[in-house]
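**Q** Required output: the full structure, derived from the provided sequences and hints.
There are 2 protein chains.
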Amino acid sequence: MTLSPKPKGKAASGSVVDRMQALVAEDMAAVEDILAARAASPVAVIPDLSGYIVSAGGKRLRPMLTLMAAHAVGKPNHSTHVLAAAVEFIHTATLLHDDVVDESDLRRGKPAAKAIWGEKASILVGDFLFARAFNLLVETRSLAILDRLATASTTIAEGEVRQLAAMSQRDLPTEEYLTIIEAKTGALFEAAAETGALSAGGDAFADAFATYGKNLGLAFQIIDDVLDYGGTTAVIGKSVGDDFRECKITLPVIIAKRRGSDEDRAFWDRVMNPETQVDTDLAHAVHLIRATGAAEATIQEAEAYAALAKAALRTLPESPYREALEDLADFCVSRAF
Amino acid sequence: MTLSPKPKGKAASGSVVDRMQALVAEDMAAVEDILAARAASPVAVIPDLSGYIVSAGGKRLRPMLTLMAAHAVGKPNHSTHVLAAAVEFIHTATLLHDDVVDESDLRRGKPAAKAIWGEKASILVGDFLFARAFNLLVETRSLAILDRLATASTTIAEGEVRQLAAMSQRDLPTEEYLTIIEAKTGALFEAAAETGALSAGGDAFADAFATYGKNLGLAFQIIDDVLDYGGTTAVIGKSVGDDFRECKITLPVIIAKRRGSDEDRAFWDRVMNPETQVDTDLAHAVHLIRATGAAEATIQEAEAYAALAKAALRTLPESPYREALEDLADFCVSRAF
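So the sequences go chain by chain: D and V. Residue numbering for the first sequence follows my numbering, starting at 1 and increasing by one per position. Residue numbering for the second sequence follows my numbering, starting at 1 and increasing by one per position.
Please note that the accuracy of each hint is not assured.
Since the list can't tell identical chains apart, any single copy or any two copies may satisfy a pair.
Said to hold, decoys possible - Derived lysine-lysine pairs resembling BS3-like cross-links, with alpha carbons at most 25 Å apart:
hint : residue 1 : residue 2
1    : LYS120    : LYS75
2    : LYS110    : LYS120
3    : LYS248    : LYS120
4    : LYS75     : LYS248
5    : LYS110    : LYS248
6    : LYS59     : LYS75
7    : LYS59     : LYS110
8    : LYS110    : LYS75
Hints are computed from structural coordinates only; laboratory data are not their basis.
**A** Okay, here's the thing in structure tokens:
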């Protein structure tokens with residue numbers, strides 16, 4: 001069960017992430033030190049659980065955005081590093097709560113923290129990391145940065161609640177899907193990039209980075225959602241069909257249903273209900289998503305956001321950082337390969 | 001099933017809370033406006049759920065502390081008001097998560113939010129209110145206040161995780177119990193009072209208010225814990241026996257077990273285990289807590305913290321605010337009547 005759209009853009013497989021990691025290696029080492037030091041607590045389960053998820057194979061995409069934005073406009077400093085760590089803690093906190101709310105047992109291909117430490121500990125350690133993130137943000141001494149991250153956190157929670165409400169909606173409008181993912185994923189990408197620029201004195205480019213981050217986040221999430229119907233665990237570190245089993249309505253489903261026959265629509269109505277879905281439905285769902293061209297159309301939607309992300313960087317001075325961020329937008333879309 | 005220790009101190013039944021409410025009525029009206037305005041969200045379930053819990057009969061004790069501290073050292077201003085609202089949002093967020101973690105179905109004598117909207121919505125709206133609290137704190141433009149509340153939030157989460165770990169511990173040391181409640185309850189009382197003083201320029205009295213708040217919080221929680229074995233729903237808005245049914249080990253249990261016979265200790269070992277507790281055990285638990293003098297000893301422990309709270313206010317100029325805060329410490333202990 002693999003999905004193989006044609007490679008688009010100039011991104012070579014995975015290499016832009018490696019390139020970015022090389023560009024910010026020194027800064028990321030400082031961020032990792034902060035993450036390790038600030039996940040510490042005299043309460044043993046807190047560093048155990050947070051260490052597990054903070055080091056659970058994440059690509060550090062959000063703090064990398066923060067560091068790259070700072071480099072693209074100036075020079076990262078201690079504020080940039082604590083900010084990047086705070087961004088990762090906020091992301092980690094949302095993952096922990098997401099796992100509880102989503103009822104998923106796998107996260108990045110490994111058992112979710114709640115499968116090991118339980119749901120209660122996952123909720124509370126999420127709260128701890130979220131609070132700790134704000135301690136770190138205070139260290140930036142920037143009220144603008146604090147406000148942006150507090151607002152992003154509020155927006156993320158709103159997006160999660162919207163998503164919860166969407167579960168019981170038979171026909172989710174495309175616009176509502178986009179509103180949800182813009183809040184759930186776009187908001188933190190946006191704030192990570194924008195505040196990265198702010199932390200290095202690049203106020204003039206803050207809006208450009210906000211636009212870049214938001215659109216990159218949308219492209220990233222849309223591709224994540226199509227990968228759930230076509231990627232492999234080995235590639236994306238996530239079980240195929242997670243969203244399907246949770247009856248989470250995502251863009252490939254919306255398009256496949258819209259384009260489908262009456263019979264197809266009846267299928268989607270039945271399987272997007274936890275009471276009536278059965279194990280063998282996934283294969284047919286994947287078939288319909290391909291046969292109707294929904295997978296390709298979903299990827300095209302992501303490409304449009306990736307293009308908007310790249311366009312936002314045009315006002316920036318040329319640099320290896322700007323170039324890598326442009327390539328990252330292409331890579332986000334092509335990462336299924 | 002009522003507990004009637006002799007009234008201590010000079011507090012008349014409930015009147016100090018009325019007096020405080022009158023002293024800060026104008027400020028509290030401003031705080032209520034902020035709470036209502038800032039719980040708003042285009043996502044309907046958020047204002048519904050948060051409105052339910054924010055207005056669920058709470059006494060607004062924590063924001064009242066913030067306002068009283070500001071009055072005792074100067075004059076509350078807009079920063080004080082948004083700070084007080086943020087303190088209440090943080091408290092509300094912890095209540096929502098607490099209800100999920102505690103598996104309790106009642107909160108302040110009403111159905112817990114999760115019993116109406118579900119656990120998932122309770123987790124996510126808790127996250128929303130917590131993030132919104134930090135938006136409000138940014139409006140104080142005080143990094144010191146932001147840092148104190150971020151630290152308090154971290155400490156609360158640590159306390160909750162400690163409490164979770166304590167559930168599986170047969171003999172909880174008194175010191176561990178006190179560490180838990182100092183984190184769970186003391187930290188926010190401490191930060192609420194301290195930052196209230198800071199918001200009104202009373203930096204010289206910040207430490208006094210921190211000490212006052214922490215010790216008041218300890219007294220308050222210890223009394224809450226003894227009321228769980230003796231108060232009535234009508235008085236405390238909480239079912240008697242909640243902690244018992246959740247097998248939460250609190251000071252009255254620790255003392256009753258320590259002072260009990262071998263048979264009593266075997267009883268406590270059996271009933272403080274959800275697998276072996278039966279419905280009829282509560283009556284005998286209440287009996288043992290009284291017969292061993294554990295209830296009285298627990299109240300004495302609370303009195304000691306209330307005395308420390310009052311002592312911390314000695315350096316303050318005399319005022320109706322200081323006097324009411326002193327009386328509040330007595331009232332916290334005597335509120336079972």
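**Q** Please go over all the hints and tell whether each is borne out by the structure.
**A** Outcome of the hint check:
1. For the homomeric pair LYS120 and LYS75, neither the shortest alpha-carbon distance inside one copy (41 Å) nor that between copies (41 Å) is at most 25 Å.
2. With identical chains, the CA atoms of LYS110 and LYS120 are at most 25 Å apart both within one copy (19 Å) and between copies (22 Å).
3. Taking the closest pair of Cα atoms, LYS248 and LYS120 come within 25 Å of each other both inside a single copy (23 Å) and across two copies (15 Å).
4. Neither within a single protomer nor between protomers do LYS75 and LYS248 lie at most 25 Å apart by alpha-carbon distance, with minima of 41 Å and 51 Å respectively.
5. In this assembly of identical chains, LYS110 and LYS248 lie within 25 Å of each other by CA distance solely inside one copy; the values are 20 Å within and 32 Å between copies.
6. In this assembly of identical chains, the alpha carbons of LYS59 and LYS75 lie at most 25 Å apart only when taken from the same copy (22 Å versus 49 Å across copies).
7. Taking the shortest alpha-carbon separations for LYS59 and LYS110, only the intra-copy value of 14 Å comes in at or below 25 Å, while the best inter-copy value is 45 Å.
8. Proximity of LYS110 and LYS75 under a CA criterion of 25 Å is satisfied in neither setting, with 36 Å inside one chain copy and 54 Å between copies.
Hints 1, 4, 8 from the earlier list are contradicted by this structure; the remaining hints agree with it.
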